[in-house]
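K.L.:
The lines below spell out each chain.
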Amino acid sequence: MKSFNYHAPKDVKDATKLASSSSAFLAGGMTTIPSMKLGLASYKDVIDIKNIKKLSGIKVSGKTVTIGATTKHAEVAASKDVKKAIPALAKLAGNIGDAQVRNRGTIGGSISNNDPSACYPSACMALNAVIHTSKRKIDADKFFTGMFETALKSGELVEAVEFEIPEKADYQKHPNPASRYAIIGVFLAKHKKDVNVAVTGAKSCVYIDKDLSKKLSSNFSVSAIEGMEVKSSGMNSDMHASAEYRANLVSLYTKKAVEAC
Amino acid sequence: MASLVGSRVERKEDTRFLQGKGRYTADINIANQTYAVFVRSPHARAKIKSVDTSKALKSSGVVGVLTGKEIAEDKIGGLIAGWAIRSEDGSEMKVPANPPLAKDIANFVGEPVAVVFAETLDEAKEGAEKVKVDYKVLKAVVDPAEAMKSDAIHDGVDKNLCYDWLLGDRKAVDEAFAKADKIIKVDLINNRLVPNAMEPRACVVDYNTASEEITLYTTSQNPHLSRLVMSAFGGVAPENKLRVVAPDVGGGFGSKINVYNEEIVCSWASKKIERPIKWVAERTESFLTDTHGRDHVTHAELAVTNDGKFLGFKNETIANLGAYARVFGTVTPTYLFGPCATGVYVIPAAYSNVKAVYTNTAPVDAYRGAGRPEATYTIERLVEKAALELGMDKTEIRMKNFPTQFPFKQTLVHTVDSGDYVAGLEKAKQMADYSGFEARRKQSEANGKLRGIGVSSYFEACGIAPSAAVMSLGCGVGLWESAEVRFNPTGQISVFTGAHSHGQSHDTTFAQIAADELGVPMENIDVVHGDTDKGTFGMGTYGSRSLTVGGIAIVNACKKIVAKGKRVAAKMLEVNEDEIEFKDGEFVALKSNKKKTIGEVAFACYLPGQRDEMKSPIPEGDEPGLIESSFFDPANFSFPAGSHICEVEIDPDTGNVKVEKYTAVDDFGRIVNPMIVEGQVHGGIAQGIGQALHENTQYDETGQLMTASYMDYTMPRADNFPEFNLGFTCTHATSNPLGVKGCGEAGAIASPPTVMNAVIDALGGQEISMPATAEKVWKACKTMKKSNAKAA
Ligand SMILES: Cc1cc2nc3c(=O)[nH]c(=O)nc-3n(C[C@H](O)[C@H](O)[C@H](O)COP(=O)(O)OP(=O)(O)OC[C@H]3O[C@@H](n4cnc5c(N)ncnc54)[C@H](O)[C@@H]3O)c2cc1C
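Sequence order for the protein chains is A and B. In this text, residue positions in the first sequence follow the working numbering: the first is 2, and each later residue adds one. In this text, residue positions in the second sequence follow the working numbering: the first is 1389, and each later residue adds one.
This is chain B alone, in the form it adopts within the complex (with noise of 0.2 Å):
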């Protein structure tokens, strides 16, 4: 039987995704629901001096009205930040409380202050606008970098700080760059990011009165984790008592990971009313509260030798963490980034210092790449600086500082296992036809253009992670996964796993792994996840860790089928178990030759007995049935790596940015499913294309959100991007048994770098932050002609 594995298997979900028959959170209806929206504080920063219901109570249709007062009295907890994050100094970080409701303060625009419940959602619309809230305005904080001289906007956060959190060795970083010819400098700042996944987050919760179970549908990627969450530190309910169901889920970016206050206040508000409750988000209070990504400030300097070598590397990087710290809001900007810091090159010495800090803004949290694409942007930006600085060829400088020795232990913390960072970066050269670039310069000159190449070579850390390391780091929960494998005995399988699919087609690759591992057609296979009354327990999907971790423990638990099958099938053809060998899908007997299929010893397994004959298939010291579970927990994290080669032709007349050509040469180990690895690759590349050229978060000065519609945030459009081309090196990861690395966050990572070193080698090397919009670019070209006229 050939191998699923590796194969362009068409996706499953497809097909009720492209006919409309997706089941989202939204399209859930319970009888007799009421409908919640939810009163948001209008401004940045602002005292609340009283809460005014009852109009609103009065109000046509209107249920109830809840306050921050009276989620406060029933003592239900607040959003989380789940890492916990040691400072220089040694204290801990600091972290203000972040109730569902706020009550007497609101620290952004669109935090939750009240909400109403009513019949239809017209009424509860009416009887939101009938909550009278007293505010006092206060002065927001907005500018990450002004925020430690500003007011502290929690009490007790002094100079609104977080952490001032080091990785590294400040020492042996000052020797380095004594040692230095040259020192590379770079100011950067990492743009904020609104992540907009197409759906917006939803919950709808049915309170069972009798039962007293609650059951929360709602947008999640880790509907285990928010259950856990919420039982644990929101006291909605006792674990045993709370379903969490994460239905089809229309993307999610990181933005999902979050348990937010909407699900918090409706689970908790469905039992004080006794009514099931639907909340959807407009798409205006997804830009206003859904977590955003990025935002950091960066000064970064690289020591090198004169003939290219990398001596010394070092960030000071201030973090803007937005009103309240997160679920992954707080690793985000320190082990998420500062490990990878040092990117795909030797630096005996190197340090990332990060200073988290609070501002009015929405929080920020984990966005596609998660501190890797900050990271990757940093360090990409600084080594196309040298080369230039240097006067060398930005593939020769990256070359002459790849490790070449496998396993690669970095400077910082990384252990890389597996890896080929030069055969990446010679083919991304050789299908970007890199040595044709002068030609084409030459030809877009002639045409009164300006164009640039840009290159950037990545690795990252993902498919998180080892329990114990991140647990050691201050991760409040262990990331191993878990799945189980449900042999029925009409010969279908159910596999459940707690990963969560909400764009990354698991229904298919999971079902190709299993498919290849017991013998079947994938066609008889189910993937089940996103409930948590179904399969046992999960950590959800980000950090590009569903196949790495979870897709390993289905492996597993197939494996464990495997071997209890073999054991059956020994019994039932007389055998010793070392006798027989499992092969697609069968169990042959070596000597006789006789065999019984996989779905015969399943079968077996559940009716163990025949007419006639007192006589069982199952061997002593084996149950009946054919389940098998696994919690895989990976013994390091996978490292995808790569170069991707950008060409963009710039019109200086108008500052136009045309991305002309892209290259990714991508480094995923084994590959499951190739056309689905791609989509993974465009999308990723896609949005980094967005961060780089396009994708523009405003807030005023008084901490309003300026882009808070499509009509002033720009998304990119299929019309914005030239066909990829991508490729694929690979080395095989030696963590789990597949080889397989993540993959679904490298395209964001590489590819900012890419493009802006691009756009920057297209203005002559003169710097311009992100998103290089028309006009910004159009001021760079004024500048460049005016220096070429002095010049000549």
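If we strip away everything but chain A, and leave its shape as in the complex, we get (with noise of 0.2 Å):
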């Protein structure tokens, strides 16, 4: 690993000062510690914001849950107020990576890194989320554009994500057997009006499922999507899985998740 100076500030205008364009602000780390290790990133400084209490915990209102950046997965899944508000989002925490990811890994990280196996972006999508960052707010399907790329500027620093409250929700996912990251990811919700299918795992970004999301919310049952056709054109093939596999998982794991409601 290249040295680099490293910085633990204590409030978000403090961090936001210290970046720059060879700067990366450091959460769990579970990302950017092995790609500085592995020489596929380095920095000049790196600034820790762990230490900025105002980015961590969890807070509900009538409509929404806000999760702080720095909120590990860990206490997502076991937080009493996010069981009961929007079970499916304890349930997607509850099942990334492995205990030592959850315990180390954030939610402003993972959304930040967007990586197109992650979990946590298809519940922003399917959840309305807006993503509160230290410049602006903004909604999840403006925010994430494409493979580990967000809508985020240089040194913009996300503080918390705000999650509409559904009636109901449930989150599907088929890991990679090896790293546990999503080889296809579901994330359902049923608000008052629509449903949102969101996928990830299946493209190079995460994306609503217009088709499935539709006809669902016309008809929200296993009938209404039995038997449509998952295209897997665009999808990712890699060693892991076919495009056509992830096609059939997408479809798979929407049926569950509407059973599973």
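No lab work stands behind these hints, which were simulated from the structure alone. Heads up, none of these hints are tricks.
Cross-link-like lysine-lysine pairs, in silico, DSS-like; alpha carbons within 27 Å at most:
| hint | chain 1 | residue 1 | chain 2 | residue 2 |
| --- | --- | --- | --- | --- |
| 1 | A | K232 | B | K2173 |
| 2 | A | K232 | B | K2164 |
| 3 | A | K232 | B | K2167 |
| 4 | A | K3 | B | K1518 |
| 5 | B | K2170 | A | K257 |
| 6 | A | K3 | B | K1446 |
| 7 | B | K1520 | A | K45 |
| 8 | A | K38 | B | K1520 |
| 9 | A | K204 | A | K191 |
| 10 | B | K1482 | B | K1457 |
| 11 | A | K38 | B | K1443 |
| 12 | A | K136 | A | K60 |
| 13 | A | K45 | B | K1518 |
| 14 | B | K1518 | A | K38 |
| 15 | A | K54 | A | K81 |
| 16 | B | K2167 | A | K204 |
| 17 | B | K1443 | A | K45 |
| 18 | B | K1457 | B | K1443 |
| 19 | A | K204 | B | K2170 |
| 20 | A | K257 | B | K1837 |
| 21 | A | K38 | B | K1513 |
| 22 | A | K232 | B | K2170 |
| 23 | B | K1520 | B | K1443 |
| 24 | B | K1830 | A | K257 |
| 25 | A | K257 | B | K2164 |
| 26 | A | K38 | B | K1446 |
| 27 | B | K2174 | A | K232 |
| 28 | A | K60 | A | K193 |
| 29 | A | K193 | A | K138 |
| 30 | B | K2046 | A | K257 |
Since each chain comes alone in its own frame, lean on the hints to assemble the complex.
P.N.:
Right, here's the structure in full:
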């Protein structure tokens, strides 16, 4: 690992002031540290944000659940409030990676990294999340812009993620047997007016499957999507899974999610 | 005194391991040490046009940079193949030179080309980045099945063929096949595995400029053998100026048998730069450069009669050696494979033909089971398929072809001294509730799942091995083992063994057997291993040999201690030697019932006299002291055997395979510590399930290892396994006085076919290759649905 300057600011202002084009924020470090160790990334300044108190914690209001950026997966999984308001979100967090990853990794790191097979981005999309940053508020569907790409500008810090509480929701995941990331993850949320089926792992970036969402919005039942073909075109094909297999899993897990709701 | 052999004594070594007090190679630091980082080829096959070290030498903290040119100039030898194998036509195998640092050509991704030494690890890394190697990339040979049709990788190795080996009688096989009612055929791939020892390889070298002695701390399964090879073939230092220490080692599975490039280079370089050197592999280096396992492409046939009798067997196998032939690389697919090809059955005619080829991939060598898992997979897939095609029960067809008389002379090589294969399979059936399977299958079916059951009966030849036998087959050394038992004056005992524990719990098992032999508490005994300066010599630990060979050397040395003790006690008690009985640590004069404890005798051996009287307890012809050693060379291999039964449930929608039940019944002869043996079986089964369902080493067509980290290479985890249901039967080995058989590899040998037979059973006989990953199984389920629909 190349040497770097380590900073541990106590508030957001100091953190963003330190940021530059050759710096990185450090949250759980589950992605950042291995990539620095392997020489895939190197930074002049590493800005550890874990000491910024305001970034951590879970708040539930009438309609939304807001999770601070440095809140760990294990905390979300264990949170009574989350379990009550959006049990599917706690379930998602509880199945990320392994115990070590869940005890270090954070929601802010996960969505900022926007790994195409990460779990949280699908929850953000399906639950119409709003991403609060040090500069602005960004809707989830504008936030995730491509493979490992987000709408974040240089030095912009995610402060919290605000999820809309749905009527019902479920998360279904087919884990990669090696890393336990999602080969496919389907987050299904039934809101008052419509249904969102968000899919991760299938393509270069998380997306809403419009066809499935539309069908389920008009008729929320397995029979509504029975026999509906999910197209494999545009889906990832790699040594872990072919596009055809992924397409099968999207359709299968959507049905399972409907059944679970 | 109750016997310790046979009891579940807790592992002595666990205290230090579980408290983080283990002392591994990477824990060792020498004052003034430098850090080594290797520059490795990023290409699978490339000419090295030039290596420019000038920038690296100027880099901050760099102490030295060495390349293939310097090591060749110093005439340091390369890595070796330990076994010479002859082809069917009588020609010798073709083995290319394997220099410790590649000079003219690099033959696999990760092969070391240069090395940088620096004051800190970061500076060494930085320096390594500044070594400029100019490569001319050549087309890589990756697929073993295509290797014989591709460009020759090594000069003088036509068709990339190391040898084309035959064991058995082609003519007899042809005749047997001509008489058969049916020929069962399989085409199999035995998937390549990365060993993944928990502790990556490492070495620390300390060169003493005054005594000119090199001390090499290293992650080895066999420190004496490493010293021999490095001295005799590497020319690094004379044996008496080279001390090899393998301290605590975190797993080997065969991958730490070899002497590797890094150990030779660092030992040589430490003398050159006159500084200690430390090197610790990163996980990626382990993936790329530890010797891999398996990697066979096999076509095999079994000739059978309609009532299920086996008449003949043959296999044609291509074994991938990777880029170079290493210590057990050439024997693993031949004499460790072929002799087990006919499995536990009476098959009157057989042959095993193996073509070993070079490819531009990491060298392949012994990996837990080494050759025997590949053999067992082949025959057990055939037998299961024969049962299916003949409409017979899978256990019945096996029973029908088991030998019932022991010793059992097999058609190919081995004479198996003892066993009871029927008892093993009967017990496994009962423990697995074999007869209740159909009901469980129906239950699964009702839940939309496919359930399958698989059986595998195995034997293996381990406890390697009779020296004369293995040397006649081409082994470069004899495979005896040595022990020294040092009874100290104050009563504690040091047991030195040439075997090496890297997970096998020798501290405990060996202390148990020595305690029983000497009649002393186990706590008084320390087992010392892993240091060529301590103890006589040794061939190390692999091939389930530690107890069956090394343990017996300990027993024999203890017996010599007792024999001498008897003579001394007789003199002390003033009776004839034949009037002394040794029992529970005491020498008792039978008539007078006067006695001396073994501790008293030992004390007398070291302090042989008394005040005011000219009197010695040492009989004429004996010498003072109480130290005995033994070199044990077994008369035969040991032949553990057993039957395993597995049940899987498949979700046809996802292709996920769940191992629902796993029953293993093994015959390891007499068992010294059941708890430790169960641990060995658990580990072996876990590795076998890993091979069958999860582990999927993949190179792309340019020879890049695609699965070079845990993000892509699936190591099985605890949640991939059910609770293992273990049972034992016992027939004593006749080739050693304890009656013990090897147990370290059996689990990994028996389990891959057991699991695959279950998966294929669930798929209605549709064959798929290992690992049976979810997607492969899902595709097979779709095909099955289609053909069922057609049939309906
Ligand atoms: C073995 C393994 C298995 C995993 N399995 C899963 C899985 O199943 N599902 C899943 O979803 N994820 C999985 N992950 C990813 C894990 O969930 C981590 O959350 C993720 O790696 C990043 O979170 P982190 O807190 O560790 O971020 P870091 O590694 O610290 O940072 C990641 C990136 O985000 C940036 N960043 C961090 N916080 C902020 C912020 N507040 N504002 C702006 N930028 C920020 C960093 O600068 C960096 O670029 C796995 C990871 C591993 C190592």
